[in-house]
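Enquirer: Chain residues, written in single-letter form:
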Amino acid sequence: MKVNDVILQTYTKAVAFIILIFSLYLFLAGHNQPGGGFIGGLMTSAALVLLYIAFDMKTVDNMIPIDFRKMVALGLTIAVFTGFGSFIFQVPFLTHSFGYFRLPLLGETELATAVMFDLGVYLTVVGGTMTIMLAIAEDDD
Amino acid sequence: MDLLHLVIMAPFIYAGFVPFLYKEGRQIHTGWLVVMLPIVLFSTFARMIPTIANGETVQKDLAWIPSLGINFTVYVDGLALLFSLLITGIGALVVLYSIYYLSKETEALDYFYVYLLLFMGSMLGVVLSDNLGVMYVFWELTSMASFLLIAFWHDREKSRYGAQKSLLITVFGGFSMLAGIVLLQQITGTFSVREIIGQGDSITTHAMFLPAMVLLLIGAFTKSAQFPFHIWLPDAMEAPTPVSAYLHSATMVKAGIYLVARLSPIFAGQAVWFWLVAGFGIATLFWGSFNAVKQTDLKAILAFSTISQLGLIMCLLGLGSAAVYFGLEGNNVLYTTATLAAVFHLINHATFKGSLFMIVGIIDHETGTRDIRQLGGLMSLMPITFTIALLGAASMAGLPPLNGFLSKEMFFTGVLEASQLSLFNMQTWGILFPVLAWLGSVFTFVYCAILVFKTFRGKFQPDKLEKTPREAPFGMLLAPLILVALVVIFGLFPNMLASSLIGPALASILPQLLSPGEIFEAQLSLWHGFTPELWMTIGVIAVGTLLYLSLPKWIGLYRLFPQKLALNQAYDQMLIGLERRANQVMRLHMTGLVRDYLVYIFGFVIIIVGSTLFLSNGFVFETDHAAPIGVYEAVLAVVMVIAACVVIFSKTRLTAILATGSVGYMMALFFVLFRAPDLALTQLIVETVSVALFLLCFFHLPKLKKEGSSLSFKLTNLLISLGVGLVVTLVAFASFGTNGFEPISTHFLETSYKEAGGLNVVNVILVDFRGFDTLFEIVVLGMAALGVYVLIKLRLAKGDEP
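The listed protein sequences derive, respectively, from chains A and B. Numbering-wise, full-length UniProt numbering puts 80 at position 80 of the first sequence, and it's gapless, one number per residue. Numbering-wise, full-length UniProt numbering puts 385 at position 385 of the second sequence, and it's gapless, one number per residue.
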């Protein structure tokens, strides 16, 4: 896809990063507010798709040199290993735990192992959707 | 997680490192880095011998899926320990042997050792798991690993054929075994072997007891290559020789034996069990040894010999189960002989067959052929190999003073005793056992003679060999030397293993015969006087020698068997027929037209959901607790309907896509109205991304065309869409009207913060309560993504090919 649109490109530069940051927020907020790995991941892909639509493929690939297929593998690995992590504490597969910690700058914060599993979901969703999109989009010859 | 769990997992974990070891250490053979693991494991198990010999057992639990009663329980008793020692001990020797057998320059060693370690771990899992569910998982893993190993030289067609055959047959058995396990669980309410045994006689009266037993036995018989499932084993010999030595003589094929022994405490004492196990065992023994004689490939001889020896052990286990019938009264020691012989022969078979396989590998390696018609006269060229082969084969033939002699004598004792039993109709049919056993032994003697003398004696034919044979390097001889040393040692000092290994194993097969705290006192002796057994052995040697010497005169008898009736033929025909039928069925419904598929899917939805609704009187229409419809909802609904209609009548793709998207966005607004922000957010983003995807997909497609479609075509479409709409609407009303169940949401609302520390219930359900679902969903997503990628890229890579 080759689109050359100055207005779209100018806006995209700003908007894409706002969406990215928002998606990150969504991902982290997931446990208590609307959001989570799935939505955050989709939001991130939406931002990336916007980038790909506004600029040509080569430019974006240079900007974010990520192999999305490897991202799928990484995401799945993280998710599975979070599951196995529970074996160390002699509890069944995928049992999560959480606790409240006092952290510098952030104050009283809740940390949950579920977030690590969610990170796996997030990476898989981003990697999966982007792999599909790019595979289809690249297929123009 | 205990040390024992770690021991089972260790080969799997180590297998993960093998590719790196292979890459980093190219200059040394990867086998040297792998061989350490089985040695360490072997010593771990060896240290447990004193504990187990005292009659104690070790049990370690690890909850896996507690809600289904599936726990990774490791249970070590005499039987499990014996098998573990075999697996790791023979495993170490096989790896050692493979270092010299497989060249590091030409073979894909990383794959080989990964598969081998996977196999070792799965096998340990099979014999050490107390939970039948877990054991089944490992059981199938052994089938997988063996499939990969048999097909190791996958560029050869015969390797692929053999691998497929073994997989089809053993997995067929595995499935039937799974059904048996589930039935057992239904009867007893537990997967644990310990607990099932603990329930005692109450199981035997259950209606499902017999089906469960038969299904489990099919699993055991396929794995242990019992007649008529034995046909996969000779074809599995296409695997590299170390694999044949390991999987197809010492370990995997013995998994079936293990299963029968392990389940004996549950089923023994039943006439059906006795007849099935002993009957198939003796039939296999005879058929295997009879067929081994006509083989010309050294490995094929050994394959049939393994089949026959496995039949022997199986038969002994069946005969031994009669001991339980008699219970504690009387002189039950007499009847345990058969089981004792089974356990002893299990060890002996691993030693002599392991060494023989390695010797055949050496011959193959040094001469380039395994065909006995081309071999001969190797005795003076390969003296050490010859000695080992002679000892191994003599033990297999049951000649004194080797260990095979002892177990063969006990086997004869077993069948003689069993033929005089006064139960299970043995008075009439029992005489078959000694007769078949004796005949089988005669043929065993004959093929052992063929194996040794046709290879090492006779005329040396160097012109028929690819290489000039010479003695194998010492490293290659080391493993078979160790095994053959054991053959001699166990023969001369038979009581060495009696109290440490055989007794405890016996105790786990026949626990009914022991009062708590008691242990079996197994006594084995080389010389037992001029008994009928000894006369039988003398007869075997005499008749066997005669038959061997007159072999050319009667070998033609084998050609009289009709080929059409051969089991292999039946298997091949079945496979071809299956493929043809599958193709027919597939062509019927896989038309390649998306419309057809949608018609099938929607048709089924209408029929199944609609009829369920109708048959169960499920339709209720109640508006009592319905909320009033506001202006927003009404407007949104109207917009949605309009957008849906636009899709149908749109002239361009772009309009259609955007209209579809707006239906989705309206849906998201509905979620907002009904206070489901999480769903609304998801719906919005999914819609955005999918619209973008549609746009990408349709970018290259030609413009929409008006197609002149027939009236009946349109009518079916209309009928189906109306049907689906109606059914879905009815279901929606019905689900709204029903208040029979308490909504599950209350439970989640109450527990989500308390148990998972999250306020967002949707997300808590996704990652905490139903995390397993999510895990598999993302696996599906990842698979789908890779699938799309591969489909598109593969097509491009191949140019214009469809």
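For the record, the hints were derived by calculation from the structure and aren't laboratory data. Heads up, some of the hints might be wrong.
A short, non-exhaustive set of chain A residues, derived as facing chain B with CB atoms under 8 Å [what the hints assert, rightly or not]: (1) Gly30; (2) Pro34; (3) Val49; (4) Gly85; (5) Glu110.
If you anchor each label on the Cβ, the simulated ranges turn out as follows [claimed, not checked]: (6) A:Phe84 - B:Gln573: 12 to 22 Å; (7) A:Phe81 - B:Ser202: 40 to 50 Å; (8) B:Asn568 - A:Pro65: 52 to 62 Å; (9) B:Tyr600 - A:Phe84: 34 to 44 Å; (10) B:Asp201 - A:Phe81: 44 to 54 Å; (11) B:Phe20 - A:Pro65: 24 to 34 Å; (12) B:Leu715 - A:Pro65: 49 to 59 Å; (13) B:Ile607 - A:Tyr25: 20 to 30 Å; (14) A:Ser97 - B:Ser202: 36 to 46 Å.
Just so you know, even glycine gets a beta-carbon here, dropped at the ideal spot from N, CA and C.
Enquirer: Within 44 to 54 Å or not, the Cβ separation of Asp201 (chain B) and Phe81 (chain A)?
Expert: With a Cβ separation near 46 Å, Asp201 (chain B) and Phe81 (chain A) satisfy 44 to 54 Å, so the hint holds.
Enquirer: Would the hint on Glu110 (chain A) be counted as holding, given a Cβ-Cβ threshold of 8 Å to chain B?
Expert: 6 Å, holds
Enquirer: So the hint says 49 to 59 Å: do the beta-carbon atoms of Leu715 (chain B) and Pro65 (chain A) match that?
Expert: 55 Å, holds
Enquirer: Any CB of chain B closer than 8 Å to the CB of Val49 (chain A)?
Expert: 5 Å, holds
Enquirer: Is it true that Phe84 (chain A) and Gln573 (chain B) lie within 12 to 22 Å of each other by Cβ?
Expert: 46 Å, violated
Enquirer: Under 8 Å, Cβ to Cβ, is where Pro34 (chain A) needs to be relative to chain B, so tell me if that hint holds or is violated.
Expert: For Pro34 (chain A), the interface hint holds, since the closest Cβ of chain B sits about 4 Å away, which is under 8 Å.
Enquirer: Measuring from beta carbon to beta carbon, are Phe81 (chain A) and Ser202 (chain B) in 40 to 50 Å?
Expert: Check passed, 43 Å falls within 40 to 50 Å.
Enquirer: Take the C-beta atom of Phe20 (chain B) and the C-beta atom of Pro65 (chain A), compute their distance, and say whether it sits inside 24 to 34 Å.
Expert: Given about 25 Å between the Cβ atoms, the range holds.
Enquirer: Does the Cβ-Cβ separation between Ser97 (chain A) and Ser202 (chain B) fall within 36 to 46 Å?
Expert: The hint (36 to 46 Å, Cβ to Cβ) holds, given that Ser97 (chain A) and Ser202 (chain B) are roughly 41 Å apart.
Enquirer: Taking the least C-beta to C-beta distance, is Gly85 (chain A) closer than 8 Å to chain B?
Expert: 12 Å, violated
Enquirer: Do the Cβ positions of Asn568 (chain B) and Pro65 (chain A) conform to the proposed distance bound of 52 to 62 Å?
Expert: 56 Å, holds
Enquirer: With 34 to 44 Å as the target window, see if Tyr600 (chain B) and Phe84 (chain A) comply at their CB atoms.
Expert: The hinted range 34 to 44 Å holds for Tyr600 (chain B) and Phe84 (chain A), with Cβ atoms some 40 Å apart.
Hints 4, 6 and 13, counting from the list given before, are not met by this structure.
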